[in-house]
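Visitor: Note that the protein sequences, when read in sequence, are chains R and X. Counting from 1, position 100 in the first sequence corresponds to residue 100 in this note's numbering; the numbering is continuous, with no gaps. Counting from 1, position 108 in the second sequence corresponds to residue 221 in this note's numbering; the numbering is continuous, with no gaps.
In case anyone wonders, no lab produced these hints; they're calculated from the structure.
Straight-line C-alpha distance at most 30 Å; calculated BS3-like pairs for lysine-lysine:
| no. | chain 1 | residue 1 | chain 2 | residue 2 |
| --- | --- | --- | --- | --- |
| 1 | X | Lys-168 | R | Lys-42 |
| 2 | R | Lys-100 | X | Lys-179 |
| 3 | R | Lys-71 | R | Lys-110 |
Computed list of chain R residues with no C-beta within reach of chain X, every gap over 12 Å:
| no. | residue |
| --- | --- |
| 4 | Asn-27 |
| 5 | Ser-28 |
| 6 | Gln-58 |
| 7 | Thr-69 |
| 8 | Ser-85 |
Every residue, glycine too, gets a C-beta built ideally from N, C-alpha and C.
What follows is the residue order along each chain.
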Amino acid sequence: GESVGLHLPTLSVQEGDNSIINCAYSNSASDYFIWYKQESGKGPQFIIDIRSNMDKRQGQRVTVLLNKTVKHLSLQIAATQPGDSAVYFCADSRGGGGNKLTFGTGTQLKVEL
Amino acid sequence: GAVVSQHPSRVICKSGTSVKIECRSLDFQATTMFWYRQFPKQSLMLMATSNEGSKATYEQGVEKDKFLINHASLTLSTLTVTSAHPEDSSFYICSARKDGRKETQYFGPGTRLLVL
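My request is simple: use the sequences and hints to build the entire structure.
Guide: Below is the structure:
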């Protein structure tokens with residue numbers, strides 16, 4: 001991911017709508033990608049991951065899409081709920097790089113009732 | 114499961130003192146743990162990789178003599194902030210990687226450090 005700036009991008013959605021959170025990564029050698037959810041004052045919580053040999057993976061109410069051509073990752077949340085309000089981070093790693101994670105900037109998701 | 118705990122959850126100390134933060138993997142073994150720092154409304158920045166039984170690997174710009182890391186067992190890593198100053202005030206988060214799983218990191222709840 002690319003970690004820049006002091007201002008988190010914000011995405012506001014209505015309860016029940018679908019949310020799409022986007023992320024760009026810079027290392028073309030990255031082969032593993034992961035989305036985390038972080039609530040205020042807490043540590044990041046694993047949501048879903050995907051390897052570079054896949055372009056889509058689905059979980060419970062979440063889908064991750066990977067476009068390696070443009071180095072883009074997205075997280076789709078279906079039927080967004082108030083409890084989904086949090087900051088979402090993407091992270092990527094490269095097997096040959098010690099599997100260290102590089103985190104993106106983060107996106108603040110706000111769910112409006 | 115994959116539960117990681119941190120202690121303390123928050124600490125306030127005077128400038129010049131040292132503070133130790135513990136990170137424990139509660140239900141799995143972790144040869145490798147990671148320490149991150151996070152400032153308000155910013156992303157997580159990796160400070161160092163903690164390896165059980167060997168020296169930690171620090172990221173560029175992180176002072177190893179200031180941020181002492183000890184990984185004495187397969188379930189415990191400690192970060193000691195030595196001679197803390199107000200600019201060290203931050204949210205410190207550890208993560209642990211399950212042995213046998215190369216990539217996925219499970220994070221602790223974080224420790225809020227305030228240096229007066």
